[in-house]
Structures are given as C-alpha cells and as structure tokens.
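Asks: One letter stands for each residue in the lines below.
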Amino acid sequence: GAGVSQTPSNKVTEKGKYVELRCDPISGHTALYWYRQSLGQGPEFLIYFQGTGAADDSGLPNDRFFAVRPEGSVSTLKIQRTERGDSAVYLCASSSTGGATYEQYFGPGTRLTVT
Amino acid sequence: AQKITQTQPGMFVQEKEAVTLDCTYDTSDQSYGLFWYKQPSSGEMIFLIYQGSYDEQNATEGRYSLNFQKARKSANLVISASQLGDSAMYFCAMRGRSSYGKLTFGQGTILTVHP
Numbered sequence: 002g003a004g005v006s007q008t009p010s011n012k013v014t015e016k017g018k019y020v021e022l023r024c025d026p027i028s029g030h031t032a033l034y035w036y037r038q039s040l041g042q043g044p045e046f047l048i049y050f051q052g053t054g055a056a057d058d059s060g061l062p063n064d065r066f067f068a069v070r071p072e073g074s075v076s077t078l079k080i081q082r083t084e085r086g087d088s089a090v091y092l093c094a095s096s097s098t099g100g101a102t103y104e105q106y107f108g109p110g111t112r113l114t115v116t
Numbered sequence: 018a019q020k021i022t023q024t025q026p027g028m029f030v031q032e033k034e035a036v037t038l039d040c041t042y043d044t045s046d047q048s049y050g051l052f053w054y055k056q057p058s059s060g061e062m063i064f065l066i067y068q069g070s071y072d073e074q075n076a077t078e079g080r081y082s083l084n085f086q087k088a089r090k091s092a093n094l095v096i097s098a099s100q101l102g103d104s105a106m107y108f109c110a111m112r113g114r115s116s117y118g119k120l121t122f123g124q125g126t127i128l129t130v131h132p
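Chains as they are written, first to last, in my numbering: chain A, 2 to 116; chain B, 18 to 132.
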C-alpha cells in the first residue's frame, strides 16, 4: 500500500516569505506527527495530531509555526516570516494510534531552504 | 521528559561481521517504548525494531536484535552479518507514556560497512 507522502520534496524560499508543507499519511492512520531534522542531527518533535486535533504542540519553536489537520487525514505545516534558521528537512510520520508501543512510519521529508 | 544518548558518532565494520550500536536512555516513565530507525543517504527513516519496557525478552527482527538492559537503561542495536547496504545513519529513539506519541531521538551513529 501507499506510504506517507510529503510535498514538495524541496522548497527554496526567501527570508520573510510564507511556506506550506503538506503531509498525506497512510490511509486509516489516526495519529500524525511532524518533526524537523537539521543537518547531522536526529529529528526533533514539532507537533502531534490525534484525529483533527493537536494533542501536543509543545515542539513548535515559536508562533511563526502552525499546523492543521482539518479532516483528520492530510496535514499542512505552515511557517510564516521564514528565517534562515528554519532551513531543515521537515519529516512527517503517521501511526495507527498514538500509543507508546506503535511504530511510526515516516515520509521522505521536505527539504526547506531559506535564502 | 525523555533523553536518548548515542555516544558513537561513527562506526566501521567489515562485511559479514557483527556490529553493536550503543544507545542509553533516561526517562521517569515506567512504561515506554524503544525504537531503532535506519536513515540511508536518501533520507527516508526506516523502522527496524521495537522493544517495550515490559518485554522480558530481547526483540529480534531478522539480522537485527536489540540488547535491552533495563537496569542500565541501555538499548543497543546488534546487526549480524553486516551487508554493504547496511551503511547508513542509525537513530535510537524512545516514546514514553507521559509524552503522548512523540518520539525523542538520539544524535545518531553513522555506520560504514567495508567490503
């Protein structure tokens, strides 16, 4: 079956611009996660959705970052007034439930470059 | 809060030999899960193996096994009969009951398999 997909695969934007990153999870997965991975580092948690609601957004670095999942499937990560420090690979993952024991399946990521 | 420590930035192994990648963790949760992911140069995160904190036996998945020592808070990954395709970055991660669904990752270990 289809895995997690993310679009675009690459995004180059100028400092100060607004960007949207899209994640399409595995069909039927209720839990969806966003992570950010800087070069040479492990992924860092941003936000977790269970269904349509954000169950944990403690990883969002500031109020320029926002994410939605209006119908409980596709999610969009939105970044306002981008800064060069936002450059990273943004990973999306989904799982069948949000429990501690369930594995997360990751998408290929969106590489964001802010110039 | 959870913390994962991977102290080996890079490891080298000869093809067909076994290799152990170290991982120690810290958490105040009694119930938690430990995961290993592989990230090839293509960037995708590939789930390898899972160990639950209450599992009495070490997890195994094909050539991968997890050496779980709960008292020492370690969860080392053992890869037997290394193959050239095993060359990649390897991340240890954990998820605690108190942290909802989010994974906390270590810094990663780059494994290079020599022919």
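What the hints contain is simulated information worked out from the structure, not anything from laboratory work.
Treat the hints loosely; a few may be bogus.
To be verified - DMTMM-like cross-link-like pairs, simulated, lysine to aspartate or glutamate; straight-line CA separation at most 25 Å: (1) A:79 / B:61; (2) B:90 / A:87; (3) B:87 / A:104; (4) A:79 / A:25; (5) B:90 / B:46.
Asks: It remains to establish, for every hint, whether it holds in the given structure.
Replies: Going through the hints against the structure:
1. Using a Cα cut-off of 25 Å, the hinted pair residue 79 of chain A and residue 61 of chain B holds, with the two alpha carbons roughly 22 Å apart.
2. This hinted pair does not check out: residue 90 of chain B and residue 87 of chain A have alpha carbons roughly 33 Å apart, beyond 25 Å.
3. Among the hinted pairs, residue 87 of chain B with residue 104 of chain A is consistent with the structure: their alpha-carbon atoms are about 20 Å apart, no more than 25 Å.
4. At most 25 Å may separate the alpha-carbon atoms for a hinted pair to count; residue 79 of chain A and residue 25 of chain A meet this at roughly 15 Å.
5. Restraint check: the Cα-Cα separation between residue 90 of chain B and residue 46 of chain B comes to about 12 Å, which is no more than 25 Å; the hinted pair holds.
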